[in-house]
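Peer 1: Given next are the chains, with one letter for each unit.
Number of protein chains: 2
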Amino acid sequence: MRSAFPRTALLSASRASRFLPAHRPVRFYSIKAEAASHSKQRPMDASRLTVEKTKTPKPLSKPEDLVFGKQFTDHMLAIEWTKEDGWLEPRITPYQNLSLDPATCVFHYAFECFEGMKAYRDKNGDIRLFRPDKNMARLNKSAARIALPTFEPTALIELIAKLTKLDARFIPAHRGYSLYLRPTLIGTQSTLGVGAPGSALLFVIASPVGPYYPTGFKAVSLEATNYAVRAWPGGVGDKKLGANYAPCIVPQQEAASRGFQQNLWLFGEEEYVTEVGTMNMFAVLKDKATGQKELVTAPLDGTILEGVTRDSVLQLARERLAPEGWKISERKFTMRELAEASKEGRLLEAFGAGTAAIVSPIRKISWKGELVDCGLKETEESGEIAAKVKEWMEAIQYGDVEHEWSVKV
Amino acid sequence: MRSAFPRTALLSASRASRFLPAHRPVRFYSIKAEAASHSKQRPMDASRLTVEKTKTPKPLSKPEDLVFGKQFTDHMLAIEWTKEDGWLEPRITPYQNLSLDPATCVFHYAFECFEGMKAYRDKNGDIRLFRPDKNMARLNKSAARIALPTFEPTALIELIAKLTKLDARFIPAHRGYSLYLRPTLIGTQSTLGVGAPGSALLFVIASPVGPYYPTGFKAVSLEATNYAVRAWPGGVGDKKLGANYAPCIVPQQEAASRGFQQNLWLFGEEEYVTEVGTMNMFAVLKDKATGQKELVTAPLDGTILEGVTRDSVLQLARERLAPEGWKISERKFTMRELAEASKEGRLLEAFGAGTAAIVSPIRKISWKGELVDCGLKETEESGEIAAKVKEWMEAIQYGDVEHEWSVKV
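Order-wise, the sequence lines are chains G and D.
Here full-length UniProt numbering is used: the first residue of the first sequence is 1, the next is one more, and so on.
Here full-length UniProt numbering is used: the first residue of the second sequence is 1, the next is one more, and so on.
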């Protein structure tokens, strides 16, 4: 699949340095990779990891100065894949730029998918990941959908754990803080024909982050978007592809221009409620006839991102709310249903759910000229369930309670 | 919008060299850009172009060895944009890698759009672009849809003309050959928050290409895809975004695994015919009652790429076929309609249309277990209209006839 055409000096560097600046080659790695070039496709193998530590450690930012996804740790993890050889040696190197041919397919055809996950420091100082198996499974599903290579989940978890431990000093020992981890898989073939990439790069970068709501919850207001559609049946809206994100910005800006913090994605003539900005959406409804409380979220019908937080909220609610008489529903629900429930005082609360904020309480939703009230009192920034869910989730994430979802590294 | 966090040495280079390797800074450019950092947003300005010629010109490939999008010319055009300053000085430099922070938004959220256009050498040796204004207009529409900056079309055409002339030696003086130009616009902000990029890079690379069918037309067979959906009303399928391409590969591979060269995208329960692989789709039908011939293609309803070749075919057909009694239609048509017409001998031919091949004749379409015959005799590789359209288009593209669509550079 490689070009026979003589490339520039910058590009003629060894395979190992194809994506890292030419003045920083890792020679022994290059030689090993060349020697293996006729072997069969190799699986991802954490035992082959090489680590090059930085010689210029970064100063730590003050915790209060952290901004989501702006500051990064000293190191990154990088694993190249080629069609001929499979996964090459994993490498932890100093955080550095990628050097890529301008014809690389990630720039043209969006061969890219990613995950968002977090590492937490517990009260003993240990580092914990939250349900990393879910992120690995989703990344593999995303990769397969766009013809990128899949990998062994346990191998990548082990490698991410090593990166996390190496850069553990960046995780502040304060509640609400964590290390946001961003595994990213990109196609790296540098030809313009539209086809499955013959090479790829999986990298992981890490960004220390503070609490999403440093001074406590702050409820947001949404604008329901019906002029643009995020996802559709048979499409790729349930995968964590880069392709699903860039088209969301303009509707988000439109909502912001009218004073709403996020947009709410509706689907179809029925105006089904699907997602909030880049979060899953939950509502708490009271049944008109029986008064039974229901926690409802849209089903995984291919148009909804399969959120790890969404799944966790559902599981915890089934364990802890269902025994108290709650109904926990994954079902389609419409904006009209929310509006009616609101008018009748039966929309008790609503919130978005995602890795960044865990839950994001919603005050009101602008829809067809009306403002749908989501049940919060003027003095409240969160409903009871949103607050409970956040507490439950953090207790597990920070290891206050032992739970199989929290994995010490 | 920029991180206040100290970056690595590689990243602390001047703005001008942010995306080009650190050992190749263009000093005077950097200084100018800094000096302008408090001015208002500037428009793209071709008169500010700087040119750095390569010191190591590439040898030319033999024309017969050219593979689409694999070989590139000596130079590239690059124009950076920042929210603060607007479009910075355009630069033509040696073709070289881009050096990008791994947090750059193009890798995560698919902030990327592109164009495909060609430069042709005419019989006098002059170089001609084909309808470059259409490509510029579409690139601006694509950019605006994903919150990337727009630009002055005439400025970019002028800059592309300069790149084309500088690398004109790569365009073989043979019919069927051309220089494929790939303007690409990517978001370059290196933070993980999902929002409008505060910086971007527009670059143009050029690849000499040979005739799509070196030994004459070769008709393809298609598999109609109904398990995956390329585009949706209110989605972005009518824009030339990277996001629309990666999800197409698996359905294409599925079709190939069953012996079909391309897939045909259907839409909805009605199974409307939309696009062929990455081309627009045309069919020639004979009316059941009147016998009138109809050239039909799907309308621009937001689910169809607004192809420049599609538009050109329609215009030429309206000028040259309509006076002969043809009906030229942009309307919805279904797979069932094609299948019925085929059975009744009224599907005279079908073809895809796009920049790469101009037209790609279709022999048959696999749909729900049947093979829909598209009207070619076994010994034929093209219908009459596909062959005519190719001839008409090439006569204009290669300047055999003077036409406003063909622009000398």
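Treat the hints as calculated values from the structure; they're not laboratory data.
Virtual Cβ for every residue (Gly too), placed ideally from N, Cα, C.
Check before you lean on any hint, since a few could be wrong.
[Stated by the list, open to error] To give an idea of the interface, some chain G residues facing chain D are shown, with a C-beta separation under 7 angstroms as derived from the structure:
(1) Asp101
(2) Glu112
(3) Val194
(4) Gly198
(5) Phe203
(6) Ser257
(7) Gly259
(8) Phe260
(9) Thr379
Peer 1: Hint numbers the structure violates, sorted upward?
Peer 2: 4, 6, 7, 8, 9
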